[in-house]
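The task is simple: from the sequences and hints, build the whole structure.
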Amino acid sequence: MKYLIILLALLYSNDVLAASDRLNPASVTTFLLFVLFTLGISYWASKRTTSSTAFYTAGGQITAAQNGTAIAGDFMSAASFLGITGLIYSAGFDGLILAVGALAGWPLMLFVISERVRNLGRFTFTDVVSYRLQQRPIKGIATLGSITVIIFYLVAQLVGAGKLIELLFGLSYELAVLIISLLVMVYVTVGGMLATTWVQIVKAILLILGATLMCILLMAALEFDFNRLFGDAALVHPKGALVLQPGSLFTDPIQAITIAITMMCGLLGLPHILMRIFTVPDMATARKSVFYASGIMGYFYVMTILIGFASIIFVSTNPDFFVDGELVGGTNMVAIHLSKVLGGDILMGFMSAVAFATILAVVAGLIVAGSAAVSHDIYAELICKGSPDPKKELKLTRIAAVAFCFIGMGISILFQKQNVAFIAVMPLVIAASVNFPILILAMFWRNFTTKGAVAGGIVGFISSVTLIVLGPKVWISIVGAESAIFPYDYPALFTMTAAFITMYLVSMLDHSDGAKEDRTKFDKQLIASELATDVSGSVGH
Amino acid sequence: MSYSTQEILQSPSFLALLKARRNVRITMTLLSLSSYAFFVGGIVLYKDWFASPIVDGSSIPVGIPATILVIIFMVTLQYIYTKISDDYLDVLQAKVKKELSL
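Those protein sequences? They're chains A and B, same order as listed. Residue 1 is where the first sequence starts when you use the working numbering, and the numbers rise one by one after that. Residue 542 is where the second sequence starts when you use the working numbering, and the numbers rise one by one after that.
Any given hint could turn out to be false.
So, partial list: chain A residues that the calculated Cβ filter (under 7 Å) puts toward chain B [unchecked claim]: (1) 93; (2) 96; (3) 100; (4) 104; (5) 107; (6) 220; (7) 222; (8) 223; (9) 224; (10) 246; (11) 247; (12) 249; (13) 260; (14) 295; (15) 298.
If you're looking for bench data, these hints aren't it; they were derived computationally from the structure. A virtual CB, placed ideally from N, CA and C, is assigned to each residue, including glycine.
Structure representation (structure tokens):
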């Protein structure tokens, strides 16, 4: 309740009242109705969230179709809908690498990761990797990786949401981000994973319906002529025919390869996505969930291609969307502008609300995962050695949720002018360089040891954070330097390789008693992961 | 009767399950990676082909349908894997568990 009071106070602040002249009633009404609807879902879920198991993993009772839709909802975030369409709008064909890249990790998730992880019957990504490795050191590095990934991912969502609210309500970006953070706190503290799952399901269905409607309307406007879609886009875009060709964004092949690897491998190390595998009752359901999720996402990404190219035609040529030659809200808002062109204020309000609910639900899911990392992995497991004070653990969960919101807010203000799809790739670099190598080697390589995991994880973490900061996106755009020290935005090709090599070398050189124990435990893990002998533990947690 | 870790690991039925799963996983993973490599190759190596029209006089470049085909192929692979797992690998796993009384 206190968050709602703060929110109401903000809504009647001078900034908001000053902005009220610029409000679009139809869009805002549609938007607010949708947000209230999702809050209602959160309230409904809160009545059914009676234990920590229900809070973190929805009690392991979500069906495959529900979970698949929720996973798709998690991944069809602000970065996907707003960012990829924005990138296609500004760069054309090269923007497609983010659409295909976002999907490329899913087959590997299904074939290589999902069953083995689900069968181990564990709670979080950190729990999974500490099944056979020594708990305290591995939990330290795995939690560090998870929390950093969550914070960066949070920033991408908050930038998207901030821009959306700024555009829709005419508020300042900073105030918009503050309001969103408060709403997220309500979602997280009230409903937990069950609420975020149901919000994701509803919003994923509405996002698919809304995007489908947009595609039908835009193709109708072009008389269902695909030649016209691409021909007209090339005709009006400043880059001309180059917009239909690879190379307008990635002039250096290494840049394209490193981003492709980042997208694919990063997905496999995203803690909040892995956590969704634990919300279903068994392995077959987990497998079907992943298949449903990628089917929905595949359809969605095909639609983003149409929406991206259509926005070149309908948005870039419409003077209503430009002020002083600048696109209102930046390129992240082209899909929202396009919805206005195609369906007027109602469709714009609907798509804004769906995009906003997307962000709220994704951010809420991230914060649940981040809070679990702090209260469960660090406090309960590392500090209290598995015997925490439940009251203190719950209090810490809430404090962590608030802290994540404020950290995300601070960084999102720095990144406000960046494309959200690009920001969302940054956590994938860290996930690909820290979490992914640890997870894949822990699952499949018998000689892998705790020392190897910790050393490689540290190398992956330090190198990825350092090279991201020294790369163009931060060093030029944020710091303001004339040229970047490291030439690539997303260094996973280098940092992931460095992490793997370090893990291999240190593990091979490790002949300690701990290493022997790690290798012996691999056998037990292999049996559990192939035969699901420990799976009962995951349902009950 | 309960079996030790080493006995399970050396059990022919468990080894057969491991081999079957490994073969399916490797084949599917390689197919998936190949399709992704084909797409990335279009951006890095054979840009001109990706940029050329699908037929003379068309505005649609080869890269667009190629991208959509890669997406469809990846989803189809996952459907095939799910079917193989449901109809074959899970049955094999149940057999192993029954045999080993797990």
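Going down the list of hints, with the structure as the test:
A cut of 7 Å between beta carbons decides the hint on residue 93 of chain A: the least distance to chain B is about 6 Å, and the hint holds. This hint holds: residue 96 of chain A has a C-beta 5 Å from the nearest C-beta of chain B, less than the 7 Å allowed. Taking 7 Å as the C-beta cut-off, the interface hint given for residue 100 of chain A holds, the closest approach to chain B being about 5 Å. Interface restraint check: residue 104 of chain A against chain B, minimum CB-CB distance 5 Å, threshold 7 Å, status holds.
Hint on residue 107 of chain A holds. Least Cβ distance to chain B is approximately 4 Å, under the 7 Å limit. Because the beta carbon of residue 220 of chain A sits about 19 Å from the nearest beta carbon in chain B, more than 7 Å, this interface hint is broken. The criterion of a C-beta within 7 Å of any C-beta in chain B is not met by residue 222 of chain A, whose closest approach is roughly 11 Å, and the hint is violated. Taking 7 Å as the C-beta contact cut-off toward chain B, the hint placing residue 223 of chain A at the interface is violated, the least distance being around 14 Å.
Taking 7 Å as the C-beta cut-off, the interface hint given for residue 224 of chain A is violated, the closest approach to chain B being about 14 Å. Proximity of residue 246 of chain A to chain B holds as hinted, the smallest CB-CB distance being about 4 Å (cut-off 7 Å). Here the hint on residue 247 of chain A is kept, as its CB sits about 5 Å from the closest CB of chain B, short of 7 Å. Interface restraint check: residue 249 of chain A against chain B, minimum CB-CB distance 9 Å, threshold 7 Å, status violated.
Given the 7 Å rule on beta carbons, the hint for residue 260 of chain A holds: about 5 Å separates it from the nearest Cβ of chain B. The interface hint given for residue 295 of chain A holds, since its Cβ lies 5 Å from the closest Cβ of chain B, which is under the 7 Å cut-off. Given the 7 Å rule on beta carbons, the hint for residue 298 of chain A holds: about 4 Å separates it from the nearest Cβ of chain B.
In the structure shown, a violation is registered for the earlier hints numbered 6, 7, 8, 9, 12, in ascending order.
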